[in-house]
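A.B. asks: Here is how the chains run, residue by residue.
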Amino acid sequence: MADMTVEQARKGGAGSLTRFLRNIFLRNLSAKIAAAPMMATVLVVFVGCTIWTIWYSFTNSRLLPSGDFVGFEQYQRLFATRRWNVSVTNLVTYGAFSLVFTMVFGFLLAVLMDQKIRFENAFRTIMLYPFALSFIVTGLVWQWIMNPSLGLQGTMRNLGWTGFTFDWLTNPRMVLYALLIAGLWQGVGFVMILMLAGLRGIDGEIWKAARVDGIPTWRTYLSIVLPMMRGVLVTAVVLVGSGIVRLYDLVVALTDGGPGIASEVPAKYVYNYMFGAGNIAQGLAASTMMLLTVMIIIIPWAYLEFGGKGNRK
Amino acid sequence: MQHSVSIRDLSLNFGHVKVLEHLNLDIAEGEFIVLLGPSGCGKSTLLNCIAGLLDVSDGQIFINGKNVTWEEPKDRGIGMVFQSYALYPQMTVERNLSFGLRVARMQKDEVERRVKRASEILQIEPLLKRKPVELSGGQRQRVAIGRALVRDVDVFLFDEPLSNLDAKLRSDLRVEIKRLHQRLKNTMIYVTHDQIEALTLADRIAIMKNGVIQQLADPHTIYNKPTNLYVAGFIGSPSMNFLEGELQGGTEPVFRANDGTVIPVKTYAFETAPNGGAVKGVLGVRPEHIAVGEAAKAMPFATEVEVEIVEPMGSDTLAYTKLAGQTLTFRADSEINLRDGQTVLVGFDPGRGSIFDTATSNRI
Numbered sequence: 001m002a003d004m005t006v007e008q009a010r011k012g013g014a015g016s017l018t019r020f021l022r023n024i025f026l027r028n029l030s031a032k033i034a035a036a037p038m039m040a041t042v043l044v045v046f047v048g049c050t051i052w053t054i055w056y057s058f059t060n061s062r063l064l065p066s067g068d069f070v071g072f073e074q075y076q077r078l079f080a081t082r083r084w085n086v087s088v089t090n091l092v093t094y095g096a097f098s099l100v101f102t103m104v105f106g107f108l109l110a111v112l113m114d115q116k117i118r119f120e121n122a123f124r125t126i127m128l129y130p131f132a133l134s135f136i137v138t139g140l141v142w143q144w145i146m147n148p149s150l151g152l153q154g155t156m157r158n159l160g161w162t163g164f165t166f167d168w169l170t171n172p173r174m175v176l177y178a179l180l181i182a183g184l185w186q187g188v189g190f191v192m193i194l195m196l197a198g199l200r201g202i203d204g205e206i207w208k209a210a211r212v213d214g215i216p217t218w219r220t221y222l223s224i225v226l227p228m229m230r231g232v233l234v235t236a237v238v239l240v241g242s243g244i245v246r247l248y249d250l251v252v253a254l255t256d257g258g259p260g261i262a263s264e265v266p267a268k269y270v271y272n273y274m275f276g277a278g279n280i281a282q283g284l285a286a287s288t289m290m291l292l293t294v295m296i297i298i299i300p301w302a303y304l305e306f307g308g309k310g311n312r313k
Numbered sequence: 001m002q003h004s005v006s007i008r009d010l011s012l013n014f015g016h017v018k019v020l021e022h023l024n025l026d027i028a029e030g031e032f033i034v035l036l037g038p039s040g041c042g043k044s045t046l047l048n049c050i051a052g053l054l055d056v057s058d059g060q061i062f063i064n065g066k067n068v069t070w071e072e073p074k075d076r077g078i079g080m081v082f083q084s085y086a087l088y089p090q091m092t093v094e095r096n097l098s099f100g101l102r103v104a105r106m107q108k109d110e111v112e113r114r115v116k117r118a119s120e121i122l123q124i125e126p127l128l129k130r131k132p133v134e135l136s137g138g139q140r141q142r143v144a145i146g147r148a149l150v151r152d153v154d155v156f157l158f159d160e161p162l163s164n165l166d167a168k169l170r171s172d173l174r175v176e177i178k179r180l181h182q183r184l185k186n187t188m189i190y191v192t193h194d195q196i197e198a199l200t201l202a203d204r205i206a207i208m209k210n211g212v213i214q215q216l217a218d219p220h221t222i223y224n225k226p227t228n229l230y231v232a233g234f235i236g237s238p239s240m241n242f243l244e245g246e247l248q249g250g251t252e253p254v255f256r257a258n259d260g261t262v263i264p265v266k267t268y269a270f271e272t273a274p275n276g277g278a279v280k281g282v283l284g285v286r287p288e289h290i291a292v293g294e295a296a297k298a299m300p301f302a303t304e305v306e307v308e309i310v311e312p313m314g315s316d317t318l319a320y321t322k323l324a325g326q327t328l329t330f331r332a333d334s335e336i337n338l339r340d341g342q343t344v345l346v347g348f349d350p351g352r353g354s355i356f357d358t359a360t361s362n363r364i
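Protein sequences appear in the order of chains A and B.
Here the first sequence stands for residues 1 to 313, numbered as in the UniProt record's numbering.
Here the second sequence stands for residues 1 to 364, numbered as in the UniProt record's numbering.
Since the hints were derived computationally from the structure, they do not count as laboratory data.
These figures come from a predicted structure and were not determined experimentally.
Mixed in with the good hints there might be a few duds.
Stated by the list, open to error - Result set (SDA-like, lysine to any residue): computed pairs, CA atoms no more than 20 Å apart in a straight line: (1) K129(B) / F131(A); (2) K185(B) / R114(B); (3) K131(B) / D203(A); (4) K208(A) / S84(B); (5) K208(A) / V305(B); (6) K168(B) / K131(B); (7) K208(A) / K129(B); (8) K322(B) / K225(B); (9) K74(B) / A302(A); (10) K208(A) / M91(B); (11) K209(B) / K225(B); (12) K280(B) / E294(B); (13) K208(A) / T69(B); (14) K208(A) / E72(B); (15) K208(A) / E308(B); (16) K208(A) / P312(B); (17) K208(A) / L54(B); (18) K208(A) / H289(B); (19) K208(A) / D75(B); (20) K208(A) / P126(B); (21) K131(B) / Y248(A); (22) K280(B) / A291(B); (23) K209(B) / N186(B); (24) K74(B) / K131(B); (25) K74(B) / P216(A); (26) K66(B) / Q83(B).
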């Protein structure tokens with residue numbers, strides 16, 4: 001069939017352009033039909049809504065979208081709002097700690113799991129269990145545990161340690177780390193499983209070779225095994241990272257942004273302005289800023305990873 | 001003389017499974033030993049025990065007279081080459097070679113000297129700055145050998161190093177390993193399931209089955225005087241013909257096949273002279289030792305057989321026939337024109353064959 005179209009093209013003449021176009025549309029037709037719904041979804045939902053979001057962030061829409069352009073007014077207002085600035089700072093702090101600790105603890109736990117321990121399946125299930133819970137449940141559970149009068153602090157005081165203090169949920173300086181504990185509790189198990197799969201994917205002969213070479217175990221993990229797990233590491237960072245950016249439900253369940261605005265996060269700001277305060281344009285401006293931040297991180301990385309001189313292995 | 005590697009009464013169990021049983025092996029300085037056997041015979045396990053990658057259940061291992069049974073692999077004076085090459089993928093060739101030495105905090109100029117020497121010997125100098133992914137299989141395996149070389153060890157261990165390569169590269173690298181051994185004169189222990197590799201490389205071959213060494217001898221002896229039925233059947237391709245029957249001793253010993261065909265075996269050099277009575281036995285003759293046509297007439301035993309299947313192999317031809325009701329394969333010169341269904345005269349000298357006792361399956 002391909003030969004025939006080439007033959008037709010060679011005959012040339014006036015009809016060649018139409019043949020060429022028809023060829024483009026009809027080639028792999030069934031594959032095109034199969035991909036069409038997804039293409040439509042991507043175009044309408046992802047690209048379309050993104051453009052819509054950016055567009056209306058430059059208007060003065062309140063409860064309903066309107067077309068009155070106000071330029072960067074919404075953005076000026078956004079960065080003049082203390083709640084937004086606190087939210088961004090919180091997210092950066094939480095994100096940095098969460099990313100580092102999830103990866104480090106996940107890896108360390110995976111290494112421990114990899115030592116041919118007994119009851120590995122049981123431990124793996126226990127570690128992964130929090131991941132099966134919704135953030136709302138996690139938030140509630142930790143709210144009880146960290147509640148000063150009911151939880152850990154209350155229990156210890158009742159047992160006689162009257163000086164014991166663990167009031168992170170009500171302490172504006174520490175509330176972010178209370179969030180972090182709950183977040184880690186939920187997320188570390190999953191990263192551990194990913195890392196464990198990565199560790200198990202390393203050829204046993206690499207380990208033997210390193211042992212014959214006299215390389216200590218910790219050094220083998222750091223210098224040889226970890227670099228070989230690059231794919232798993234990237235996957236884990238992307239998953240943990242996207243979890244951080246959309247952090248919302250844990251905050252709502254655990255602190256609801258409090259005490260005061262001490263544990264507010266950007267996603268919550270967007271939600272509150274769009275659906276609570278009836279100020280769509282302000283919410284859209286905030287979400288556009290979130291999108292921009294993510295793009296600033298993702299685009300250079302994607303360029304390095306997939307573009308350039310194609311020096312990927 | 002001091003042995004380079006000595007294995008004393010070595011046993012290894014995984015739970016209730018006995019992988020190696022009371023194994024003894026002495027390897028001389030500079031000797032090239034090949035451990036040969038099918039998968040699961042314990043040959044790689046034995047190599048891993050020598051390397052110190054597996055803890056033994058019982059027995060001792062000596063390397064250069066030192067008991068290393070419980071030493072770490074790095075302290076045993078061994079270098080090892082693996083089937084999957086096991087190179088560190090994110091490091092350049094140079095770093096692959098030097099990493100172990102650097103970790104051991106060796107002097108920098110000494111590290112450079114050793115890397116230079118190894119890369120000269122293996123002719124991988126142009127590759128030093130490349131990563132393993134940019135190398136072909138043969139080049140990777142050379143780097144893997146280099147990693148053992150820079151360690152300046154007494155004993156080289158090879159764990160099926162050529163099994164991942166294609167046939168052409170395999171024979172090239174085989175010659176190179178042999179050349180390397182001639183140049184370095186180190187003790188080498190080489191595990192393979194490929195009998196060609198074993199026969200071409202080894203000073204001595206240890207044929208293993210079920211964790212036990214069946215025969216330890218030079219390739220010529222292994223091929224011509226297999227110690228038991230298993231070794232006889234394992235070595236040689238196509239494998240040895242076996243005729244079942246009875247051996248009758250005396251001054252004119254004969255082998256009587258099951259259907260009554262009588263084969264005089266006076267030319268056979270018996271290990272233990274058969275006594276007067278008849279013993280159930282198996283006569284083994286290699287396909288390449290069977291003469292066809294005119295040449296068969298000069299043989300102590302000759303008979304007419306009908307060719308069933310002919311397989312032309314290029315350099316020669318394989319033919320399948322029946323002798324005394326049992327399958328007989330023979331290898332003929334490709335100049336001899338054989339056809340299916342044709343009757344030809346074949347003959348052989350039992351003196352070049354092997355006779356085994358059916359009861360013990362050992363060579364008589």
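A.B. asks: Next step is simple, just say for each hint if it's right about the structure.
C.D. replies: Verification of the supplied hints:
1. Restraint check: the Cα-Cα separation between K129(B) and F131(A) comes to about 44 Å, which exceeds 20 Å; the hinted pair is violated.
2. Between the alpha carbons of K185(B) and R114(B) the distance comes to roughly 17 Å, so the proposed pair stays at or under 20 Å and holds.
3. Only pairs whose Cα atoms come within 20 Å are accepted, and K131(B) paired with D203(A) is accepted, the gap being roughly 18 Å.
4. In summary, the hint linking K208(A) to S84(B) is supported, as the alpha carbons are separated by about 11 Å, within the 20 Å threshold.
5. A threshold of 20 Å between alpha carbons decides the hint, and for K208(A) with V305(B) the separation of about 55 Å lies outside it, so the pair is violated.
6. Only pairs whose Cα atoms come within 20 Å are accepted, and K168(B) paired with K131(B) is rejected, the gap being roughly 24 Å.
7. Distance restraint check for K208(A) and K129(B): the Cα-Cα separation of roughly 24 Å exceeds the 20 Å cut-off, and the hinted pair is therefore not satisfied.
8. For the proposed pair K322(B) and K225(B), the alpha carbon gap of about 24 Å is over 20 Å, so the pair is violated.
9. The suggested pairing of K74(B) with A302(A) is violated, with an alpha-carbon distance near 42 Å, which exceeds 20 Å.
10. Straight-line distance between C-alpha atoms of K208(A) and M91(B) comes to about 17 Å, which keeps the hinted pair within the 20 Å bound.
11. For the hint pairing K209(B) with K225(B), the CA-to-CA distance comes to about 18 Å; that is within 20 Å, so the pair holds.
12. A hinted pair counts as satisfied when its Cα atoms are at most 20 Å apart, and K280(B) with E294(B) does not qualify at roughly 32 Å.
13. Distance hint between K208(A) and T69(B) is fulfilled; the C-alpha atoms sit about 17 Å from each other, no more than 20 Å.
14. Distance hint between K208(A) and E72(B) is fulfilled; the C-alpha atoms sit about 12 Å from each other, no more than 20 Å.
15. Distance hint between K208(A) and E308(B) is unfulfilled; the C-alpha atoms sit about 51 Å from each other, more than 20 Å.
16. At most 20 Å may separate the alpha-carbon atoms for a hinted pair to count; K208(A) and P312(B) exceed this at roughly 45 Å.
17. Among the hinted pairs, K208(A) with L54(B) is consistent with the structure: their alpha-carbon atoms are about 10 Å apart, no more than 20 Å.
18. At most 20 Å may separate the alpha-carbon atoms for a hinted pair to count; K208(A) and H289(B) exceed this at roughly 44 Å.
19. Using a Cα cut-off of 20 Å, the hinted pair K208(A) and D75(B) holds, with the two alpha carbons roughly 14 Å apart.
20. A threshold of 20 Å between alpha carbons decides the hint, and for K208(A) with P126(B) the separation of about 27 Å lies outside it, so the pair is violated.
21. For the suggested pair K131(B) and Y248(A), the alpha carbons sit about 44 Å apart, so the restraint of at most 20 Å is broken.
22. Only pairs whose Cα atoms come within 20 Å are accepted, and K280(B) paired with A291(B) is rejected, the gap being roughly 26 Å.
23. A hinted pair counts as satisfied when its Cα atoms are at most 20 Å apart, and K209(B) with N186(B) does not qualify at roughly 27 Å.
24. Under the criterion of a C-alpha separation no larger than 20 Å, the hint pairing K74(B) with K131(B) is inconsistent with the structure, at around 25 Å.
25. Taken as a hint, the K74(B) and P216(A) pair is honoured in the structure, with Cα atoms around 10 Å apart against an allowance of 20 Å.
26. The hinted pair formed by K66(B) and Q83(B) fails the criterion: a straight-line CA distance of about 28 Å is larger than 20 Å.
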